[in-house]
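Novice: Those protein sequence lines, which keep their order, are chains R and U. Under our numbering, think of the first position of the first sequence as 6, with each following residue one higher. Under our numbering, think of the first position of the second sequence as 1134, with each following residue one higher.
Everything labelled a hint here was simulated from the structure, so no lab data went into it. Where a beta carbon is used, it is the ideal one built from N, C-alpha and C, also for glycine. It is possible that part of the hints are untrue.
To be verified - Covered stretches of chain U, as calculated for chain R (at least 3 residues, CB under 8 Å):
{"no.": "1", "region": "1156 to 1168"}
{"no.": "2", "region": "1243 to 1257"}
{"no.": "3", "region": "1329 to 1341"}
{"no.": "4", "region": "1362 to 1373"}
Given next are the chains, with one letter for each unit.
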Amino acid sequence: MQITIKYFGQIAEVTKLEEESLEFSGSLVSDLIEVLNKKYSKLINKDFQIAQNQELVSNETEITGQEIALLPPFAGG
Amino acid sequence: MSRYNRHIILSEIGQAGQDKISSAKALVIGAGGLGCPILQYLAAAGIGTLGIIDFDTVDISNLQRQILFGTSTLGKNKAEAAKQRLEDLNSDISIIAYAEKLTHQNAINLFNKYDIIVDGTDNFETRYLVNDACIITNKPLVFGAIYKFEGQVSVFNYKKGPSYRCLFPEAPAKGSVPNCSEIGVLGVLPGIIGTMQANEVLKIVLELGTTLSGKLFCYNALTLQNSILKISRNEKTIANVLKNKANFHKTKIDFNCEIEVVPISIDAFLSEENIQFIDVRETHEQPKIEDLNITYIPLSELENSLNKIDKPKKKALFCQSGTRCKRAVSLLQELNIENSFSIIEGASEIKNKIKNHQNER
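Could you build all of it, start to finish, from the sequences and the hints given here?
Specialist: If you want it as structure tokens, here you go:
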């Protein structure tokens, strides 16, 4: 399945891009995280949440959507 | 009341709406980059009681974005300085300045005095404290946070909606997410995000439109891309916070900046051998120090780069102004890496000192 992944904040600094499309053959959000951790080794130390089709999802959620977002917390004010 | 005429002539607000604004009580946590525009618009709109809590003082580096301050308020407490400016803007409202730190000990009593809490803080410890105190006191929380060129806005604990912990359950590891003073921020960004927070406050007060409850608004100032992501309430997470209600006031925050790191002048190290100099600035930052053997480890990568640290050696860490290296040293101390020192001088001054040192030889 072809999915588009959006990266925010510090995550985009690790991946060095704000958006990419990739072919994904796993089933769960956790599978996708594993794929991304392999692709970007520094991702493993980052905190982030995942949204699928503009909705926050857990690691056990099945990947069904076309658009995934990796969202880190921001501290600044 | 001609002051609020432009509100009152809007049929969606009218005199009735303006009366709601006048009877509203909002507490703004932090009078910094976000706090300033929030306070400015809420005071101008006529929020009847406006509380400001901030322990910090105005520094010249704040003026790039903290628009309530000026050179005449340098060194003054931010809550007091903001109050002084806002009283000139609107003397019809009551403005209360709390020149103190928000803690688990004072939060509950303080929040109980207000209807809406607005988060303009700059660290995770206080953000989670604010969120939990809002759950306990059942107050809506208007949330905003920024990172370099990006911002997030939401409304938490409002009409059975989610809380910040439903989005990010726990604070990230210390030092893993830098704040504005460490990494920089586009000055206008907190203006945009803080103004959006003020807008959410007014919508809650006026019961107008739809708020960002259950939604996280994400904004990128460079691309103008924005997304609204749905967040669900996690009952278990909220129940956990409420379970600790009785012990809430006993909690103590271990603020990063409070870990005692005493900075030392570079002078102490210039004649020493067997010392590792570490530049914790981001790689693009200037000036570079050329005459010393420097290890480059940006603060943001410190925890992942411990292999670059020569543990048996004395380590002297420096940055642009002496702030980040202090943080880096406390991080190393937490990781049980000893014998590291924070240099008081910033890179430019260090460069000068090295030059003088070489001339003296």
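Novice: Look at each hint and say if it fits the structure.
Specialist: So, going through the hints one by one against the coordinates:
1. 1156 to 1168: holds (count 5)
2. 1243 to 1257: holds (count 6)
3. 1329 to 1341: Since three or more residues must qualify, the claim that chain R covers the region 1329 to 1341 of chain U is violated, with 0 doing so at under 8 Å.
4. 1362 to 1373: holds (count 4)
Hint compliance for this structure: hint 3 alone is broken.
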